[in-house]
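Note that my numbering has the sequence shown beginning at 4, numbered continuously upward.
Bear in mind the hints are in silico, worked out from the structure with no lab data behind them. A hint or two may mislead.
[Said to hold, decoys possible] Between beta-carbon pairs, the in silico distance windows are:
1) Q383 with G24: 36 to 42 Å
2) G179 with E417: 32 to 38 Å
3) G253 with N140: 16 to 22 Å
4) R427 with E399: 28 to 34 Å
5) F396 with E417: 31 to 37 Å
6) D416 with G7: 26 to 32 Å
7) P35 with G206: 32 to 38 Å
8) K401 with R372: 33 to 39 Å
9) D205 with G241: 29 to 35 Å
Quick reminder that beta carbons are idealized off the backbone N, C-alpha and C, glycines included.
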Amino acid sequence: MSSGPVGLLDGCAVYEDGKGGYALEAAGQRLPIEPSFHSHIKFCIKQHRSAVGSEKGQEEKDSDGDQPPPAAGARATADEGAAAGKGDDTTDDGLVGHSLDPRLRYKVVHQGTGNAPTMNSTVKVGLTVWRDAFHGNHTLCDVRVAEFPVPDIADISDIADIGDEFRDELLSMREGEVRRYFLPVNGNEGVFVEARLVSVLDGTRPPPAGVGRGLFKGGFPGPPPAGATYEVVREGTGNVPTLNSTVKLGLTVWRDAFDGNDTFFDAREWESSVLVDDELLSMREGEMRRAVLPADDHEGAFGECRLVSVSNGARPPPAGHERSRPPSPPAAAGAAAAAVDETADSKDGTSGDVLFRLYPSGAYHQVVRPGSGPKPTRNQRIKVDRIRWNDDFDGEDKIGEYRGDVRRVSEWDEWVQEALTDMRVGEVRCVIAPGRLRPNFGTNTMYAEYTLVAIL
4 MSSGPVGLLD GCAVYEDGKG GYALEAAGQR LPIEPSFHSH IKFCIKQHRS
54 AVGSEKGQEE KDSDGDQPPP AAGARATADE GAAAGKGDDT TDDGLVGHSL
104 DPRLRYKVVH QGTGNAPTMN STVKVGLTVW RDAFHGNHTL CDVRVAEFPV
154 PDIADISDIA DIGDEFRDEL LSMREGEVRR YFLPVNGNEG VFVEARLVSV
204 LDGTRPPPAG VGRGLFKGGF PGPPPAGATY EVVREGTGNV PTLNSTVKLG
254 LTVWRDAFDG NDTFFDAREW ESSVLVDDEL LSMREGEMRR AVLPADDHEG
304 AFGECRLVSV SNGARPPPAG HERSRPPSPP AAAGAAAAAV DETADSKDGT
354 SGDVLFRLYP SGAYHQVVRP GSGPKPTRNQ RIKVDRIRWN DDFDGEDKIG
404 EYRGDVRRVS EWDEWVQEAL TDMRVGEVRC VIAPGRLRPN FGTNTMYAEY
454 TLVAIL
């Protein structure tokens, strides 16, 4: 076995294993690399690269012998925008299957050289999602900066539905690194995602007062929080949205000042038909509004909302994203509401003769299969299986199914924490979540099934 690394694979050091193969160093351990991935190693030393070409049958066909072979997720490309002109072929433009999530195809288009985050870091990330192609003509969202503590980074993955593994992805990246993902949902239909690790900050910082994780709490661009100062800084001259419109917004939040140096969140484009609220209904295309959000127990913030464009009708989201708004309340939700016993004591975690019970958050719960043992606390790590639908339980419009999701209870949304802390190991619970509980991701009702597998 070699004493020093001979190359890189996905940013991790690669060593010879002394048996004609290679091993990857991760988390202090050396793991064997399957022979089919040997050609993806980015070799640092020329003679080793030549050796793998002859021993493994990977004969180089290019005349430039100094060019290293493509790496899995690390192939150098002279034209990052070339994929945009390849139409459907962008799904195979050097993207390889992901080891953590078989749905994903990905590659590293720019290696990072800065600091690597830890679970105790705060990071600033960028995320762009296209419907049609990388650097395509239809941008779903273009988030230049979003600040998150690493334990909370899974929240941003729902923007692109790339899975909770995004947190693990960050831990293997360095500042400046850019990765691309293609997430197929139905055949070749899906979304094109580019993730960028902008910077790594030491320690964790709470979000500014009145600001949620990446988006404004309680409705900015809706009514600003009490005590906020608010003004129109540029009048709009275009169309006015309606409740059935699809809008593109720009949203920016600074910690220090308008146009300041400490950006908390910056979305140049954000397409949505669920962010249309009373405040947006009074804006015109091109209008810009600013609000100073007051501090409470920590720093305040400076927020800016821009109405970029208005489209008539609610545009259907791409495959894998939640529907924008159902034409009428789902029948199951109506049935659940009709069967709810709003005075029932839900502390025992059983459903009794009641179909669904109304919990303080406004979500409806039904215990499908009781569990046993203690209930988890918000500080404990748990393993959960979950399935989510847009239309009904076991419906046709499934959002996603995740097995073995491990995280701390406090990392879930409040309405999910409410369910999890009321469950016992082995319990299966169905939850109907009205859209108002999930303002960042849809106004439609969501149907979710949770299984508490273990308390760790």
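Inset, instruction - Mind listing which of the numbered hints don't hold for this structure, in increasing order? - result: When the structure is compared with the hints, numbers 5, 6, 8, 9 turn out to be violated.
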